[in-house]
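Student: Residue-level listing of the chains:
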Amino acid sequence: MRKVEVAVVGAGPAGLTVASEIANRGGKVLILDENAKPGGQLFKQLHKFFGSSRHLAKERGFKIAQSLVQQAQEAGVEIWFDAIVIGIFEDRVLGVVHKGKLQKLQADRIVLATGASEKALAFPGWTLPGVMGAGAAQTMMNIHGILPGKRILMVGSGNVGLIVSYQLLQAGAKVEAVVEAAPKVGGYQVHADKIRRIGVPIYLSYTVKEAFGDSRVEGAILIQLDENGRPIAGTEREIAVDTVCLAVGLSPMAELTWVAGCQFTYINDLGGQVPLHNEAMATTVPGIYVAGDVAGIGEASSAIEEGRLAGIAIAADLGYLPNSEAEHLKEQTRKELDALRQGPVGGRVGQAKRALLDAHATYIARQAGREVKERAEATWTGSAPEAPRARAEVPSAERRAQGPVAVIECYEEIPCDPCEEACHQGAIFVGEPITSLPHLKAERCNGCGLCIPACPGLAIFVIDESYSEDEATIMLPYEFLPLPHKGMTVKALDLQGQLVGEARVLEVRNPKAYDCTPVIKIAVSKELSMTVRHIALDEPKERSTV
Amino acid sequence: MRFAEHPILGTFPRGRKVTVLVDGQEVEAFEGEMIAFALHADGIKTLHWTAKRNEPRGIFCAIGHCTDCMMIVDGVPNVRACITPVREGMRIETQHGRGEWRKQNEKS
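One line per chain: the protein sequences are P and G, in this order.
By this note's numbering, the letter at position 93 of the first sequence is numbered 93, and the numbering carries on one by one without gaps.
By this note's numbering, the letter at position 3 of the second sequence is numbered 3, and the numbering carries on one by one without gaps.
No lab work stands behind these hints: they were computed from the structure.
Wrong hints could be hidden among the right ones.
Simulated restraints, written as ranges between beta carbons of each label pair [what the hints assert, rightly or not]:
| no. | chain 1 | residue 1 | chain 2 | residue 2 | range |
| --- | --- | --- | --- | --- | --- |
| 1 | G | T50 | P | H439 | 54 to 62 Å |
| 2 | G | H96 | P | I86 | 26 to 34 Å |
| 3 | P | S67 | G | G89 | 35 to 43 Å |
Partial selection, computed: residues in chain P whose CB lies under 8 Å from chain G [what the hints assert, rightly or not]:
| no. | residue |
| --- | --- |
| 4 | G76 |
| 5 | E78 |
| 6 | I79 |
| 7 | P124 |
| 8 | G130 |
| 9 | A136 |
| 10 | L147 |
| 11 | L450 |
| 12 | L481 |
Yeah, the Cβ is synthetic: ideal placement off N, Cα and C, and Gly gets one too.
Using the sequences and the accompanying hints, generate a full structural model.
Tutor: This is the structure we're talking about:
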């Protein structure tokens, strides 16, 4: 039986980071991954990530994946692909089917970084070919360049539903509707705005009643829900779609963690049953750690930070790192994690994660026979109260009349600050914590537009109402094909994707530094300067196919 | 449908063209593609018919977990088509029910 110092299951963002942290300090790490390539689900994330500009912000997910893979390789991490871990036994023995052959490994430490799987939603017709997970659609188009369908219904308006809808539009599909059972959009408003202004309707308090078709999806019936979530008879509407994507949440892929004998608790905001772990990501089984989505659904940036925490802890534990330094590094990493877990979405995860740590502490104390006050009840299913929506500041009419100025339509506390760094004039201030709303010092802004492609939420526009007697110019981000060209007349759309007039394309900026977020400058009639937020080409060319 | 250009990924990189046999019909695919996706691009959405009710199943999870995409590949039943890459000359069959093992030269 082969012995390894550290075995990591899963080569996604958490697993790769754990491995690099340990290997960089001299530890020997073997990653086991069932796929043919490393990177987990990061390679299909084509959008720019939120976050701190000191870290990964405004990098696109697949590029983050590339650099994590490179780091692990440079650190000397060994990776087995097509390696399915089928069991974890006493003394940290792993059963692995590697390229079809069963092997046994014995590890000093095991890190389970197995990620998550998509939840399903059952309704008549949900098994028809054409109904699939949103992540499945994302893999098909972003990894394989194959369009999942031409007309899509997206079920669920969390960040996955919104982002995948946007990516389906980028790939050339038409998203006919997004339905959301709750009375409000689940994900960030900036992600919702990106698809709304293209004209995708988001039906709130709606769900899919059934999908129908003869051996494949030909349409779906939507139905409205009352305040208790019950369908209201008579509100059905039929839409013609060939694909239904389910984006109704994720669950930790925790089978191996169960098999290893780790203790669990149920926390709704973390995706369901989650393994108890402490601040160093250690589970209740000695020598077994978790990191990333398996330890509670979050997002890739916090998976990376959790991987770092586990990596530092294990490196110290194995003697590759002095304890004092490890404590310092862990403290830093926890601060980064805390910064990511603020605001309306991250804040919920942060609160749920604290409940999980409490549950772990309670369990350990009980095991040790100590009295524990009932305060730290193991199961916590509540949601954090919603933060009041902060108002965005819009440059005054006087300022807009003076010349070009940025309008930042970012109204939610998102852990994100690249706009601040992008501005050479010092006109945008985010500060600490990075969930603060960006504040524009309009008198300093010269309307250069560098903040437009830097904003991962594509929520910044530059308005110039001094352009001419009756026209204003708008600079906006446009991540679609084909690109318009100078002199073209295009349709001007508002925030809801409604046609409000015509626009003339004055300029198309697309330097490499913009990282595939071209900025289009258009002229519109002056009264539309604060209305127009997107353009549509009059006769979209047929996309070329292979 | 395979798209050629993407606003973020640019010209989509594809592997070498290969030909696979799907229920006896030649289908073109590209190396690196998973069976289920290559078939989807060709308009084939039903990969498997269920054992009890004979209902069609297609791509659902695309991570090898749900087993909706099980097909008979080179005579081996219950192959997860969403995580198995195509290969030149591969014999792929729509699976009915639990599928059957086939001998090397047996016609489907």
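Student: Evaluate each hint against the coordinates.
Tutor: Evaluated hints:
1. G:T50 / P:H439: 54 to 62 Å: Given about 58 Å between the Cβ atoms, the range holds.
2. G:H96 / P:I86: 26 to 34 Å: holds (28 Å)
3. P:S67 / G:G89: 35 to 43 Å: About 37 Å separates the Cβ atoms of S67 of chain P and G89 of chain G, which means 35 to 43 Å holds.
4. G76: violated (27 Å)
5. E78: Since chain G brings no Cβ nearer than about 22 Å to E78 of chain P, farther than 8 Å, the hint is violated.
6. I79: violated (17 Å)
7. P124: Given a least distance of 12 Å, the restraint on P124 of chain P is violated.
8. G130: Holds: closest Cβ of chain G sits about 6 Å from G130 of chain P, inside 8 Å.
9. A136: holds (3 Å)
10. L147: holds (5 Å)
11. L450: violated (20 Å)
12. L481: Because about 5 Å separates L481 of chain P from the closest Cβ in chain G, which is inside the 8 Å limit, the hint holds.
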